[in-house]
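Asker: Spelled out, the chains give:
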Amino acid sequence: MGDDDRLKALFAYDEPPQRDLVFSSAVMAEVMRRRFMADVAMLSGVSALGGAALWALWPLLQPAVVAISQGLAPLIVACGLATGAVVLLGGRQAPALLGLES
Amino acid sequence: MSPASLDEALVAAAQAGSADAYSRLVERHQQPVRAFLRRACGDWAEADDLAQQTFLTAWLRIGRLKAGASVRSWLCGIGYNKHLTAVRSGSRDRVREASYEAEREPPQGPDAADRMALEAAMAELPAEQRACVALCLAADFSHTEAAEALGLPLGTVKSHVMRGRARLLQALGGPDGR
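If you're matching them up, the sequences are chains A and B in order.
Under my numbering, the letters of the first sequence match residues 1 to 102, in that order.
Under my numbering, the letters of the second sequence match residues 1 to 178, in that order.
The shape of chain A in the complex, shown without the other chains (with noise of 0.2 Å):
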């Protein structure tokens, strides 16, 4: 055996194993901890930000919301009817709707 194969052989006591399961999932796990931290500061901020303009652009915005909602209020009711009678019949086949099953 020549020298730098000696070498090389001491050399492998020190490998750990090709797989390790521990290991890698120890990573993963910690990625994914910081991308979720990462995601809720960003939400957070855009959030916050988000209230921010709101609250000191309101006084410019409110007369045109109230114009606005007082326009639409019939049609927004409309849209909640609709959006409540999918929820809770959406899992529902139409012949059982329409009474024509047995």
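Result set (BS3-like, lysine-lysine): computed pairs, CA atoms no more than 30 Å apart in a straight line: (1) K158/B <-> K8/A; (2) K82/B <-> K8/A; (3) K66/B <-> K158/B.
If you're looking for bench data, these hints aren't it; they were derived computationally from the structure.
Since chain A is already given, all that's left is putting chain B on it; use the hints.
Answerer: Chain B only, in chain A's frame:
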């Protein structure tokens, strides 16, 4: 698909945000990175901590990795910088290290004496030389790859490997030790 092209495909997917692809990169490269850090710092627990930090940093910087670059070299480079930072800042827990060394069982088996001699000789090498030896003699990196990973000139790497090899063989009672 060759290992290099598989790496390239996984890197591209990870750069696009795929955690699954990055997980496969971790599985494929944890062994060489941890082995390198074990040899570079000598403390296996510390090495595994550094390897974990290495993969976390790599995830954040994966977008900077150029297409076709060696993932193994890139990861070892990040790990080496983490190791140097830990050594320079003195953040290594000396108490833990001492107790770890005290509790650690001495090597067993037919090469036990040689392995102890090798460990002791590695511990005496300067950090750069030790890293060059760990990459080129233990992990089959070319001198160019090691230079790229460690951010050292090619000539410096060659010189470190030659001197480190001579010192290790000397410690093992080999021909260079005469």
